[in-house]
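Colleague: Construct the complete structure from the given sequences, taking the supplied hints into account.
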Amino acid sequence: MGETVQLAISDAAFRDELMRMLSASDGAEVVCVDNPDPARSGVLVVDPEHLNRLALPLPRPERVVVVTDDSPGHMEDTLDHAWRAGVHSVVSTREPVGTAVLAVLSARLRMVKQLPSQRKERRLP
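Note that numbering that gives the first Met the number 0 has the sequence shown beginning at 0, numbered continuously upward.
No lab work stands behind these hints: they were computed from the structure.
Treat each hint with caution, since some may be false.
SDA-like mimics (lysine to any residue), calculated; alpha carbons at most 25 Å apart, straight line [as the list claims (entries may be wrong)]:
| hint | residue 1 | residue 2 |
| --- | --- | --- |
| 1 | K112 | H87 |
| 2 | K112 | S40 |
| 3 | K112 | P58 |
| 4 | K112 | A102 |
| 5 | K112 | D68 |
| 6 | K112 | T3 |
| 7 | K112 | A84 |
| 8 | K112 | R83 |
| 9 | K112 | R93 |
| 10 | K112 | L101 |
| 11 | K112 | T98 |
| 12 | K112 | P56 |
| 13 | K112 | S9 |
| 14 | K112 | A23 |
| 15 | K112 | M20 |
| 16 | K112 | V89 |
| 17 | K112 | A11 |
| 18 | K112 | R39 |
| 19 | K112 | L55 |
| 20 | K112 | D15 |
| 21 | K112 | P60 |
| 22 | K112 | A12 |
| 23 | K112 | G85 |
| 24 | K112 | P37 |
| 25 | K112 | V30 |
| 26 | K112 | V100 |
| 27 | K112 | D10 |
| 28 | K112 | E75 |
| 29 | K112 | F13 |
| 30 | K112 | D33 |
| 31 | K112 | G72 |
| 32 | K112 | A38 |
| 33 | K112 | D76 |
Modeller: See below:
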């Protein structure tokens, strides 16, 4: 698909394993960033700390995946913020990393499926 996946996750072990699995899955360029750039094309994978730093509204929030722990109270706040931001995918760090890989691949497919409709919208007078 040729898009970049930006990883902004503080949990180093989860981030490193996710990076390894994504890099092996389909050859996407996967980069670790301290400050994810929503203006850059591709998928953003962020934890709640990094999500809170992003200005709302997010451009194309369907391409954002939030990775969080599911401790009591924390998950509810994260889900609320993600919902308000328009994010479609939230994954727990307690799940296998493969679950996050699937969420990223799903976000990438959503991006591809929306491109033709966006091109049509641009052609309208």
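Colleague: Next step is simple, just say for each hint if it's right about the structure.
Modeller: Each hint, compared with the structure:
no.: 1; hint: K112 - H87; in the structure: 15 Å, holds
no.: 2; hint: K112 - S40; in the structure: 15 Å, holds
no.: 3; hint: K112 - P58; in the structure: 16 Å, holds
no.: 4; hint: K112 - A102; in the structure: 15 Å, holds
no.: 5; hint: K112 - D68; in the structure: 30 Å, violated
no.: 6; hint: K112 - T3; in the structure: 17 Å, holds
no.: 7; hint: K112 - A84; in the structure: 20 Å, holds
no.: 8; hint: K112 - R83; in the structure: 23 Å, holds
no.: 9; hint: K112 - R93; in the structure: 30 Å, violated
no.: 10; hint: K112 - L101; in the structure: 16 Å, holds
no.: 11; hint: K112 - T98; in the structure: 21 Å, holds
no.: 12; hint: K112 - P56; in the structure: 21 Å, holds
no.: 13; hint: K112 - S9; in the structure: 30 Å, violated
no.: 14; hint: K112 - A23; in the structure: 23 Å, holds
no.: 15; hint: K112 - M20; in the structure: 23 Å, holds
no.: 16; hint: K112 - V89; in the structure: 20 Å, holds
no.: 17; hint: K112 - A11; in the structure: 32 Å, violated
no.: 18; hint: K112 - R39; in the structure: 18 Å, holds
no.: 19; hint: K112 - L55; in the structure: 23 Å, holds
no.: 20; hint: K112 - D15; in the structure: 28 Å, violated
no.: 21; hint: K112 - P60; in the structure: 14 Å, holds
no.: 22; hint: K112 - A12; in the structure: 32 Å, violated
no.: 23; hint: K112 - G85; in the structure: 17 Å, holds
no.: 24; hint: K112 - P37; in the structure: 19 Å, holds
no.: 25; hint: K112 - V30; in the structure: 23 Å, holds
no.: 26; hint: K112 - V100; in the structure: 18 Å, holds
no.: 27; hint: K112 - D10; in the structure: 31 Å, violated
no.: 28; hint: K112 - E75; in the structure: 30 Å, violated
no.: 29; hint: K112 - F13; in the structure: 28 Å, violated
no.: 30; hint: K112 - D33; in the structure: 29 Å, violated
no.: 31; hint: K112 - G72; in the structure: 34 Å, violated
no.: 32; hint: K112 - A38; in the structure: 19 Å, holds
no.: 33; hint: K112 - D76; in the structure: 30 Å, violated
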